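In order, the protein sequences belong to chains A and B.
The first sequence begins at 1 in the working numbering and counts up one residue at a time.
The second sequence begins at 1001 in the working numbering and counts up one residue at a time.
Source of the hints: derived by calculation from the structure; they are not laboratory data.
These numbers were taken from a predicted model, which means no experiment stands behind them.
Among the hints, a few may not be true.
[What the hints assert, rightly or not] Far from chain A, some chain B residues (derived; all Cβ distances over 10 Å):
| no. | residue |
| --- | --- |
| 1 | Ala-1008 |
| 2 | Ala-1020 |
| 3 | Leu-1024 |
| 4 | Leu-1041 |
| 5 | Gly-1045 |
| 6 | His-1068 |
| 7 | Ala-1077 |
| 8 | Arg-1079 |
| 9 | Glu-1092 |
| 10 | Leu-1180 |
| 11 | Pro-1215 |
| 12 | Gln-1216 |
| 13 | Tyr-1222 |
| 14 | Ala-1228 |
| 15 | Ala-1234 |
| 16 | Ala-1236 |
[Unchecked claim] Lysine to aspartate or glutamate pairs mimicking EDC-like chemistry, simulated, CA-CA at most 20 Å apart:
| no. | chain 1 | residue 1 | chain 2 | residue 2 |
| --- | --- | --- | --- | --- |
| 17 | A | Lys-24 | B | Asp-1160 |
| 18 | B | Lys-1066 | B | Glu-1113 |
| 19 | A | Lys-24 | B | Glu-1105 |
| 20 | A | Lys-24 | B | Asp-1145 |
| 21 | A | Lys-24 | B | Glu-1164 |
| 22 | B | Lys-1066 | B | Asp-1047 |
| 23 | A | Lys-24 | B | Glu-1106 |
| 24 | B | Lys-1205 | B | Glu-1039 |
| 25 | B | Lys-1067 | B | Glu-1113 |
| 26 | A | Lys-39 | B | Glu-1106 |
| 27 | B | Lys-1102 | B | Glu-1113 |
| 28 | A | Lys-24 | A | Asp-41 |
| 29 | B | Lys-1027 | B | Asp-1132 |
| 30 | B | Lys-1102 | A | Asp-28 |
Glycine included, C-beta positions come from ideal geometry on N, C-alpha and C.
Below are the chains, spelled out letter by letter.
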Amino acid sequence: LDPGLTEFCTADVPVPELRVVRRKYGSDRFLTSRTRFFKLDLLADEVWRACDGRASVARIAEQVAASQQRPLDEALAATILALQYFQRYGLLTLRAPPV
Amino acid sequence: MDGARVVARASGLMVDDLLALEGLPSKGRAVYVSGSLVEGLGNPGSDLDVYVVGGRVLAPTADVSKKHYSISIHYCADRRIDFEYWAAESVERIAGALSAVKVGEEFVADRLEAIDEVFVHRLLVGCPIGDDSAWEELRALFDADRFRAYLTQQAIHRVDGAIEDISGMVEVEDFASVLLRCRDVVGIATDAYAHSCGSTNPLTKWRARIVANLPQGELASYVRERYATLTFGAFASPDDGDAVRSYIEESVQYAHRVVNWIQG
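Start from the sequences and build out the full structure, keeping to the hints where you can.
Spelled out as C-alpha cells, the structure:
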C-alpha cells in the first residue's frame, strides 16, 4: 500500500512556467518545455488553457464542469489531477491568491 | 484597386507613359504596380514599385543589382519610381519553395528568403498594368492561403524562439535584454495574428498600421489594446525588478493567448 496525501487549495492560482508553450501539430496538442514534450488529451489541454495566471483552481474546475457538462466535484477532481501532473513535470507552480 | 489609377495618383502619368520610361512593351511580360501606395499604407515619400517579371533579361539600365533582381530608378512629379526586374527562373524558384512548405507538419521558418516573402506579398496585392494574361499566369503560381499559413506558422516559431530566450534571460536576471526581447515577442505575436486574419505583409515597418486596420474579429480589440500598451506604453526600467517581471508576464501571456487563439 502506498497512500499519498496532497494538499490542494482551490483558491490557489496555477501559474505556467515562462518557458512552457502549448502548440498544436496536426490534430495533437503538446506542451513543450525546452527539450521536453508532453502530449495533452482534450481535458488536460482544457485545464492548461484555463491556466492564465489569474484563474484559481476552483474557477478552472468551474470552466471544465461547464464545458464538459459534468458535475462540479467530478470536474474539480479531474482538474486537480491534471494540475498535479503539470506541477510534477515543472510546467507550472501554484501560487496563493493575492490578498 | 485599379493599376492605372494608382499610377496616375502616384506619378501623374498614364500607364503607357510609365511603361515608356523603360521602353517596356505592353504585351509579353507580367507588369504590375505594388507596394505601400497600392495597399493604402504609403505616404508622399513612398516609392511606386513597378514589377516586371518574365524573360531572362534583367533591367536594361540597372541602377541597383541584387542577387535575384535588379532595379531601375526614375523620378516623376517628386515620386520615385522603382522598376524591379525579376527573371522567370527566380520567380519559379520562389513558387517551388512555397509549394514545398508543409505547414503544420514541419518546421517552416525561413523557408523563403525575406525578399522572396516581399515579392510574393507584392504580387498578391499588386495591380496589373500590362499584359493581364501574363499577370494572371504569374499570380496562379502562388497559393495565397498557403502563403498566409506559412507566414502565420513562421511567426509562431519565432514566438517560441523568443520565449526560449526570455526564460533564459530571466534565469540570469539579464533584465535589459529580456525587456527588449519581450517587446519583440509582442510584435511577433501580433504579426502572427495579423497573418492569420489575412495580412500577407511581412514588413515590420507597417506593423502599427496593419494593427490599426485589423478586421473586426473575436480577438481584434484585445490585440489592438495589448499591442499598443505593451509596445508604446511605459517601458519598465531594467533596474526595477518588479516592473520588469510584470512586463514579462504580460508580454508572454499576450503571446500565449494570441497563439492559442490562432491554433485553436
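Closest CB of chain A to the CB of B:Ala-1008 still more than 10 Å away: holds (47 Å)
Just double-check B:Gly-1045 for me: nearest Cβ-Cβ distance to chain A has to come out over 10 Å. B:Gly-1045 clear of chain A: closest Cβ-Cβ about 40 Å, beyond 10 Å.
Next pair to validate is A:Lys-24 with B:Glu-1164; report whether the Cα-Cα distance is within 20 Å. Roughly 17 Å separates the two Cα atoms, so the pair holds.
Is it correct that the beta-carbon of B:Leu-1180 has no partner in chain A closer than or equal to 10 Å? Correct as stated: the minimum Cβ-Cβ distance to chain A is 16 Å, above 10 Å.
CA of B:Lys-1066 to CA of B:Glu-1113, is that 20 Å or under? holds (13 Å)
Taking 20 Å as the top limit, are the C-alpha atoms of A:Lys-39 and B:Glu-1106 close enough? holds (17 Å)
Take a quick look at whether B:Lys-1067 and B:Glu-1113 sit within 20 Å of each other, Cα to Cα. holds (11 Å)
Using Cβ atoms and 10 Å as the threshold, tell me whether B:Pro-1215 really stays out of contact range of chain A. Correct as stated: the minimum Cβ-Cβ distance to chain A is 23 Å, above 10 Å.
Looking at B:Ala-1020 again, its CB stays over 10 Å from all of chain A? Label holds. Min Cβ-Cβ 53 Å, cutoff 10 Å.
Given the proposed pairing of B:Lys-1102 with B:Glu-1113, does the C-alpha separation stay at or below 20 Å? OK: B:Lys-1102 and B:Glu-1113 at ~16 Å, within 20 Å.
Report holds if the minimum CB distance from B:Leu-1041 to chain A is greater than 10 Å, and violated otherwise. Its Cβ never comes within 10 Å of chain A, the nearest being 31 Å, so this holds.
Does the structure keep A:Lys-24 and B:Asp-1160 at a Cα separation of 20 Å or less? holds (12 Å)
Hint violations for this structure: none, all hints satisfied.
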